[in-house]
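Asks: Chains as they are written, first to last, in this note's numbering: chain A, 1 to 155; chain B, 1001 to 1069.
Hints are computed from structural coordinates only; laboratory data are not their basis.
Watch out, some of these pointers could steer you wrong.
[What the hints assert, rightly or not] No farther apart than 20 Å at their CA atoms in a straight line, the calculated lysine to aspartate or glutamate pairs in the DMTMM-like style are these:
1. A:Lys7 - A:Asp93
2. A:Lys136 - B:Glu1058
3. B:Lys1035 - A:Glu139
4. B:Lys1035 - A:Asp52
[As the list claims (entries may be wrong)] What follows is a set of in silico ranges between Cβ atoms, one per label pair, in the way DEER data are often shown:
5. B:Asp1047 - A:Glu139: 41 to 49 Å
6. B:Trp1055 - A:Arg138: 14 to 22 Å
7. B:Ser1021 - A:Ser2: 13 to 21 Å
8. A:Trp108 - B:Ala1008: 19 to 27 Å
9. B:Asp1069 - A:Lys7: 37 to 45 Å
10. A:Ile154 - B:Tyr1062: 32 to 40 Å
11. A:Pro89 - B:Pro1036: 18 to 26 Å
Keep in mind that this is a model prediction, so the values were computed, not measured.
C-beta atoms are modelled at their ideal positions from N, C-alpha and C, and glycine is treated no differently.
Residues per chain, in single letters:
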Amino acid sequence: MSVFEFKSAQELGRTFDQHGVKYLFFGKSGAILLGYSDTTQDVDLYVDKNRDNCGKLVAALLELGFRLTENEQEEIGRGKDFIQLRNGPFDMDLIFAPDGIERFEDAWKRRVEKHSFPIANIDDIIGSKQAANRLKDRESLPRLLSFREWMRGIR
Amino acid sequence: MANIANYAADWEDFEAAAKRSIEQHMLNSFVHTYKPVLDDAEYRSFDSMEEYRHWCNENLPYWLGYSRD
């Protein structure tokens, strides 16, 4: 396992595009791609939970080098709500029903394209952390809110 | 309004980050740290976010910050 670098993101984006996977970079990893400065360990992807998209996702993950058993492929293809992957080139969490967001389509319409990646809007990233309300979310929210204000200032 | 002062310090960080290349920015941002229990399985899946939150609450060390309490 290696750390997620820009070239990893490019490879992920290229592979997902080739397979037609509909997804958004999400969570702190999404914020980092928007320019947020902080640290994180894994990549969070918000994936459209429909069977066709999940099937494409399985193919893309296998091509990227994630080692998935037949049962795991079936589970991902079915679209569970949360899947944690530590069996590939980098750590990744697949989120199909993030807290605070009703429908993928809504987040997709609000997405930001940066560095050719589809990234969830900072409002959705913050809203989801507010809804999740874990200790680590509460700790990171003041700085994320500060980042959103900074983004508004530079637009 | 104490946040205003914090914002100023944060904004210096954000401005500095914006001047770095995306490659460097990501090298600075994505780090690997071992998280006990969480990183001890190659694969986990949960049917619902509620099930995931419950599992985190019951199994992860509190200091990792995954608890809502």
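Asks: Run every hint past the structure and note whether it holds.
Replies: Results of checking the hints against the structure:
Under the criterion of a C-alpha separation no larger than 20 Å, the hint pairing Lys7 of chain A with Asp93 of chain A is consistent with the structure, at around 18 Å. The hinted pair formed by Lys136 of chain A and Glu1058 of chain B meets the criterion: a straight-line CA distance of about 16 Å does not exceed 20 Å. About 17 Å separates the Cα atoms of Lys1035 of chain B and Glu139 of chain A, which keeps this hinted pair within 20 Å; it holds. Our distance criterion of 20 Å between C-alpha atoms is broken by Lys1035 of chain B and Asp52 of chain A, whose separation comes to about 33 Å.
Against the hinted window of 41 to 49 Å, the Cβ-Cβ separation of Asp1047 of chain B and Glu139 of chain A comes to about 28 Å, which falls outside the hint. A hinted range of 14 to 22 Å holds for the C-beta pair Trp1055 of chain B and Arg138 of chain A, which are about 20 Å apart. Hint check: Ser1021 of chain B to Ser2 of chain A, Cβ distance near 19 Å, so the stated range 13 to 21 Å holds. Taken as a hint, the range 19 to 27 Å is violated for the pair Trp108 of chain A and Ala1008 of chain B, whose Cβ atoms sit roughly 34 Å apart.
Under the hint 37 to 45 Å, the C-beta atoms of Asp1069 of chain B and Lys7 of chain A, about 39 Å apart, fit the expected range. The beta-carbon spacing between Ile154 of chain A and Tyr1062 of chain B, approximately 38 Å, falls within the hinted interval of 32 to 40 Å. As the Cβ distance of Pro89 of chain A to Pro1036 of chain B is approximately 22 Å, the hint placing it in 18 to 26 Å holds.
When held up to the earlier numbered hints, the structure conflicts with 4, 5, 8 and fits the remainder.
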